[in-house]
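**Student:** Numbering (this note's numbering), first residue to last: 48 to 370.
These are computed hints drawn from the structure, not numbers from a lab.
In this text, all values refer to a predicted model and were calculated from it rather than measured experimentally.
Some clues are possibly wrong.
Calculated pairs, DSS-like style, for lysine-lysine (alpha carbon to alpha carbon, straight line, at most 30 Å) [stated by the list, open to error]: (1) Lys-329 <-> Lys-283; (2) Lys-271 <-> Lys-207; (3) Lys-262 <-> Lys-283; (4) Lys-283 <-> Lys-362; (5) Lys-77 <-> Lys-95; (6) Lys-349 <-> Lys-288; (7) Lys-288 <-> Lys-207; (8) Lys-268 <-> Lys-329; (9) Lys-77 <-> Lys-238.
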Amino acid sequence: MNLKLLNQNETRLMNLRDAYSAALIELGMKNPNIVVLDADLALSTKTKRFATQFPNRFFDFGIGEANMMGAAAGLATCGKTVFASTFAVFATGRSYDQIRQSIAYPNLSVKIVATHAGISVGGDGASHQMLEDIALMRVLPNMRVIAPADATMTRVAIYKISEEKGPFYVRMGRADSPLIFESCDWFEIGKAVQIKDGEDITLVVTGTLLSEVLKAQELLKKEKISAGVLLIHTIKPIDKKAVINASRETGGIITCEEHSIINGLGSAVAEAVSEEAPCQIKRVGIGDVFGESGGPSELMSKYGIDSSHIAQAAKTLLKERKK
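Take these sequences, add in the hints, and give me the full structure.
**Tutor:** Given below as structure tokens:
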């Protein structure tokens, strides 16, 4: 695998939504059966760019997310590959029944690409900081769940899911995120990626929190702690083999996610290792609470998911293991 990381000391930022909209337009030029749906948020999700290029293949449903998901299912039954976008809190919470009954149950090719997920939504506060979407989507039969780590991966992921039959949920945040990968030609749905090797502990991460995990890995390195970094971009189906290998090789796992620790990545990893290779696991994520308004970096720190808290969790686990 040709895994090339960009120099994180020269941080370049790019919004995942920009990569998403660019991929949609490229796909739209190649495939006339690509259609895009939105629910009054096309400027924010950036699907408006597709609408400008292909007005006859874009449909805005206003503040009617449930209706949008039902229509997405209908279009999919007519042979269209449907991308449906809105904020994560509306895409999954407000539309859950329609997704379950009309998309997941008949296994239709609807790609739900949600933006503004996680605590880093910031000032919009708890009403818009969706921390339960992975939990809702990963429990659905037929649904596959992806959280890209940067804009480079987002573009490739959108291409990949457009080629696959059946439903997907893709999770993106609001803020600009560091570019980490030079390319993602190696991206494979359901296949985890070993970013860094380590002997003492494994940091398992999903989504754009990878940038904080890489910082945490450097902090631990300065203290002579060898931490591996395993990226789980596909939360469902999870790469059980990679997670079990991490458990066996280091004996300790820290899961890192910008999502509730309940039924998110941490739960998925614990489920994967518990039957075949149990080990000590600490879950770094949002506890059993709602968020609040604030700056993204302030909230990341307050809720304990920035690099310093990740590194501290690793050190705590290692101390507990020595007792």
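**Student:** Now look at each hint and say whether the structure bears it out.
**Tutor:** Do the hints match the structure? See the list:
1. Lys-329 <-> Lys-283: holds, 20 Å
2. Lys-271 <-> Lys-207: Violated, because 39 Å separates the two Cα atoms, which is more than 30 Å.
3. Lys-262 <-> Lys-283: Given pair Lys-262, Lys-283 holds - Cα atoms ~26 Å apart, limit 30 Å.
4. Lys-283 <-> Lys-362: holds, 29 Å
5. Lys-77 <-> Lys-95: Measuring from Cα to Cα gives roughly 18 Å; hence the hint holds.
6. Lys-349 <-> Lys-288: At roughly 33 Å apart (the allowed maximum being 30 Å), Lys-288 and Lys-349 break the hint.
7. Lys-288 <-> Lys-207: holds, 22 Å
8. Lys-268 <-> Lys-329: Satisfied, since the Cα-Cα distance of roughly 19 Å is no more than 30 Å.
9. Lys-77 <-> Lys-238: holds, 27 Å
Hint check: violations occur at hints 2 and 6; the rest are consistent with the structure.
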